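Student: Each chain, written out:
2 protein chains.
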Amino acid sequence: MQADIAIDKIEEIVAQSWQAFLQYRQMPLSKRAAFMRAIAQALEDCGDALIFTAMRETNLPEARLRGERARTIYQLTSYAAACEKGEWLEARIDTANPAKTPPKPDIRKMLVPLGPVVVFGASNFPFAYSTAGGDTATAFAAGCSVIVKAHPAHPDTSAIAAAAISAAAVKCNLPAAVFTHVYGASFEVGKALVTHPKIKAVGFTGSYTGGKQLFDWANQRKEPIPVFAEMSSINPVFLMPEKLQQEAASVAQQYAGSITLGVGQFCTNPGLLIGIESEGLQTFIDDLGKAIQQIAPAAMLHAGIVKAYKEKRGAALLQEEVHLIAESAGAVKDNEALPTVATVTADAFLKNPFLHQEVFGPYSLVIRCKDMNEMVTVAQHIEGQLTTTLMATENDITANEPLVEAVKNICGRFVLNGVPTGVEVCLSMHHGGPFPSTTDSRFSSVGADAIKRFARPLCFQNWPNRLLPDELKNENPLNIWRMVDNELTKAIVS
Amino acid sequence: MQADIAIDKIEEIVAQSWQAFLQYRQMPLSKRAAFMRAIAQALEDCGDALIFTAMRETNLPEARLRGERARTIYQLTSYAAACEKGEWLEARIDTANPAKTPPKPDIRKMLVPLGPVVVFGASNFPFAYSTAGGDTATAFAAGCSVIVKAHPAHPDTSAIAAAAISAAAVKCNLPAAVFTHVYGASFEVGKALVTHPKIKAVGFTGSYTGGKQLFDWANQRKEPIPVFAEMSSINPVFLMPEKLQQEAASVAQQYAGSITLGVGQFCTNPGLLIGIESEGLQTFIDDLGKAIQQIAPAAMLHAGIVKAYKEKRGAALLQEEVHLIAESAGAVKDNEALPTVATVTADAFLKNPFLHQEVFGPYSLVIRCKDMNEMVTVAQHIEGQLTTTLMATENDITANEPLVEAVKNICGRFVLNGVPTGVEVCLSMHHGGPFPSTTDSRFSSVGADAIKRFARPLCFQNWPNRLLPDELKNENPLNIWRMVDNELTKAIVS
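For the record, the sequence lines run as chains Y and L.
Under this note's numbering, residues 81 to 574 are what the first sequence spells out, in order.
Under this note's numbering, residues 81 to 574 are what the second sequence spells out, in order.
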């Protein structure tokens with residue numbers, strides 16, 4: 081087990097990270113992309129050692145971890161491609177107009193990196209949202225240096241990924257401090273990093289308590305900095321009447337799978353299922369219960385998460401008017417979670433804020449509404465979410481606009497007739513949402529748009545062509561898309 | 081004089097604004113643009129009444145105010161054009177791939193409005209950054225409803241602009257509460273608005289104290305919301321040695337004009353002039369002093385600003401090692417500001433945080449550095465700025481990379497051989513910058529990119545084409561640029 085970094089060492093590592101940032105940001109996009117591809121290759125080269133270490137530290141199965149490494153590599157390589165293509169730079173050029181009164185100067189702008197970024201990884205994705213995960217990859221694409229605080233639940237996995245990144249930095253002749261890996265189980269380490277004046281942004285994936293604390297520290301600094309924290313989400317699913325009337329049984333099967341996928345340890349796990357009292361809903365509840373009974377308990381990520389699941393599940397089931405629908409019929413070991421579904425009336429749900437909180441694990445609550453009006457009220461009272469899902473026929477949608485509009489207000493991604501689990505890595509993905517699902521609904525942590533969290537516009541006024549960055553030169557040497565005098569083009573500026 | 085809104089009325093006006101938002105956001109871009117053009121026309125139709133009222137309330141001269149109205153109209157019409165063109169929506173489409181394991185769903189996203197926005201206008205731009213100014217225009221373009229708290233220094237001007245907006249809303253058949261105008265000189269009104277749960281963003285232009293207070297209130301909410309506050313900036317100008325050697329006299333003339341333009345009441349007013357001890361710098365100081373003596377004192381916006389100028393100017397001149405270079409030789413009336421330039425060594429400047437603060441008005445401080453190293457140190461110790469300027473030959477730039485890089489870190493707009501005053505309204509303009517010049521360096525308050533402050537991505541997964549918003553439909557009925565499977569195109573999706 082690695083020792084926590086001493087607080088008085090933080091000054092030194094941040095100073096080094098700052099110096100590395102000043103060098104790294106001047107490197108061309110192609111060099112950043114090469115670095116990211118080298119990290120991807122290094123992760124591949126880690127071979128089974130990385131997989132087996134993660135299996136030991138997270139209880140996640142081998143196939144899942146091999147899949148997650150492939151996803152992490154795809155993130156790095158696809159974000160590298162996006163980095164090089166340069167659309168994210170939002171390059172804009174307005175040419176001079178000396179005939180105007182007063183004369184209009186030549187003005188050009190593009191995004192530039194913010195500075196050293198501190199990344200706090202997630203325990204539930206030891207590769208894809210941890211040390212070499214999405215936050216680190218997008219910060220490198222933006223041109224930032226990165227300091228990762230290893231997740232205490234998988235320190236050895238983190239060390240292997242960190243070594244891969246450092247090896248890639250060496251291979252690409254980058255300053256070593258472009259990436260720094262530290263340990264720190266204590267609050268003090270996180271706080272010292274986030275409040276250091278030379279740290280310019282923070283990426284976090286984890287609990288509400290953790291993310292909100294970082295957000296508060298960052299905003300209380302003399303110079304507040306942006307924190308993108310992806311926190312809690314219970315991912316409500318609205319089960320519309322005609323849909324349930326037609327397909328209650330198959331929807332129940334689909335959701336039994338989604339609720340228990342990966343032992344319910346996805347941030348997009350569907351924790352609320354909202355329907356209207358009807359024969360269809362009763363069929364759904366019955367079938368969901370039967371399906372959940374068949375699903376075997378499985379080991380969670382670490383002891384702290386199992387403990388929290390047992391406590392939160394227990395407390396949820398004790399709430400007034402909450403009734404157990406079913407739980408897994410299998411025998412449960414100490415480190416395992418018992419798949420569980422329960423139900424409550426909308427009226428009781430609306431009165432009890434406890435039931436709006438996430439129970440992280442294979443647990444979901446079915447909310448029974450009297451009618452569509454009550455379903456709309458429920459939608460209006462749910463806090464911000466990463467995702468919401470509508471299980472609906474086309475009639476259900478067109479006949480219930482107030483519901484659809486209310487649901488739009490509370491989510492970042494709006495799924496129709498599917499499950500929220502499964503977050504595709506692509507540009508159109510939005511993995512974000514209104515507070516408390518994240519701390520800033522305007523940004524995503526998945527997809528190449530996530531780069532923009534770590535960059536800001538810098539505008540050049542009246543600079544001669546040869547002194548401008550390549551991205552903004554007349555001849556467009558990088559062949560990127562730019563807005564020139566309000567038109568998108570790759571053309572040279574004449 | 082209008083009465084402050086009663087605190088217990090705020091619930092009602094915000095509820096109405098929320099309802100209006102739900103209707104307005106569903107309207108097509110063309111309708112939003114038509115509304116913005118109708119406001120522009122209504123401002124034009126206000127005729128001389130608007131100008132004369134503003135002259136009375138702000139002491140600004142007629143020609144300036146006519147120019148500012150034209151600018152405000154241009155903001156509205158050019159942002160309307162950008163709104164309709166739709167690049168700001170960041171529409172992205174990734175088509176389905178059923179052959180992938182697991183199958184890749186159809187995913188599409190675009191920006192949608194945040195909700196009701198509260199705007200606090202500036203006193204120094206009674207049209208362009210007040211009631212019908214840039215924040216209001218960009219919030220409307222984004223699809224938000226707006227509540228403006230009138231600036232207490234120009235209540236009647238604000239009332240006329242508000243009436244113009246309301247008339248435009250009527251003309252366009254919009255719900256009246258798409259725009260609400262309230263008075264509130266007290267802190268309580270501002271706080272009640274910013275902390276109301278249905279308010280989703282804030283735009284502010286003004287003092288550091290005011291903006292930071294709004295930022296803190298917004299972040300201490302149960303659901304924090306984004307605040308874009310444009311606050312203080314002293315807009316440092318770096319006078320490079322070869323440039324001064326060649327052109328000290330003409331640079332001095334240019335800056336005497338910029339320092340006193342509009343009685344120094346621009347947020348881009350150059351408050352620091354940094355040079356290296358030399359014959360060139362001495363010539364610059366001498367000529368700047370002579371030029372400043374020739375410039376007549378002029379009336380400031382209101383009594384509070386004159387008082388603050390006198391106090392801050394006085395305090396600045398009393399600081400250790402600060403020496404007066406020159407002040408206007410003209411007689412000064414009670415409501416007027418005395419143009420002033422002073423000087424201090426870099427050493428004294430670096431030791432005295434008071435000298436880093438803005439003296440809002442026609443005042444500028446010349447900082448004398450021993451050498452280029454000290455100039456770099458000064459650049460490293462100045463806080464975030466809207467603009468920085470380099471007065472430099474090409475040799476000055478290429479020979480002094482550490483300085484140029486240090487200056488980039490502290491600014492949003494980097495002017496070469498010009499003056500920072502004069503903010504062109506165009507897409508490539510960045511009017512923003514690192515804290516404390518603004519509360520979020522990633523956004524601008526000028527140019528159509530300012531729309532993005534008030535919008536967030538919403539992602540649609542697996543929706544049939546006919547139920548998608550027009551912006552994301554296969555056939556691209558709005559003919560907007562979209563990223564389709566990672567390529568920018570206006571083509572239909574087949």
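Rather than coming from a laboratory, the hints here were simulated on the basis of the structure.
Among the hints, erroneous ones may be present.
Since the list gives no way to pick one copy over another, a pair counts as held whenever it fits inside one copy or between any two copies.
Cut-off 20 Å, straight-line C-alpha distance, at most; resulting in silico cross-link-like pairs (EDC-like, lysine to aspartate or glutamate) [what the hints assert, rightly or not]: (1) 292 <-> 303; (2) 278 <-> 485; (3) 553 <-> 481; (4) 570 <-> 167; (5) 165 <-> 567; (6) 413 <-> 451; (7) 370 <-> 565; (8) 184 <-> 92; (9) 488 <-> 567; (10) 302 <-> 474; (11) 251 <-> 359; (12) 488 <-> 550.
Remember, it's a predicted structure, so these values are computed and weren't measured experimentally.
Student: So, for every hint listed, does it hold in this structure?
Tutor: To see whether the hints hold, each was checked on the structure:
1. 292 <-> 303: both (18 Å within a copy, 11 Å between copies)
2. 278 <-> 485: between (42 Å within a copy, 15 Å between copies)
3. 553 <-> 481: between (49 Å within a copy, 19 Å between copies)
4. 570 <-> 167: This pair counts as both: shortest intra-copy Cα distance 11 Å, inter-copy 15 Å.
5. 165 <-> 567: both (18 Å within a copy, 10 Å between copies)
6. 413 <-> 451: neither (41 Å within a copy, 71 Å between copies)
7. 370 <-> 565: neither (62 Å within a copy, 41 Å between copies)
8. 184 <-> 92: neither (46 Å within a copy, 45 Å between copies)
9. 488 <-> 567: Classified as neither; 31 Å inside a copy, 27 Å across copies.
10. 302 <-> 474: Neither way: residue 302 and residue 474 sit 52 Å apart in one copy and 36 Å across, limit 20 Å.
11. 251 <-> 359: Classified as neither: same-chain Cα gap 64 Å, cross-chain 49 Å, threshold 20 Å.
12. 488 <-> 550: between (40 Å within a copy, 16 Å between copies)
When the structure is compared with the earlier hints, violations turn up for hints 6, 7, 8, 9, 10 and 11 and for no others.
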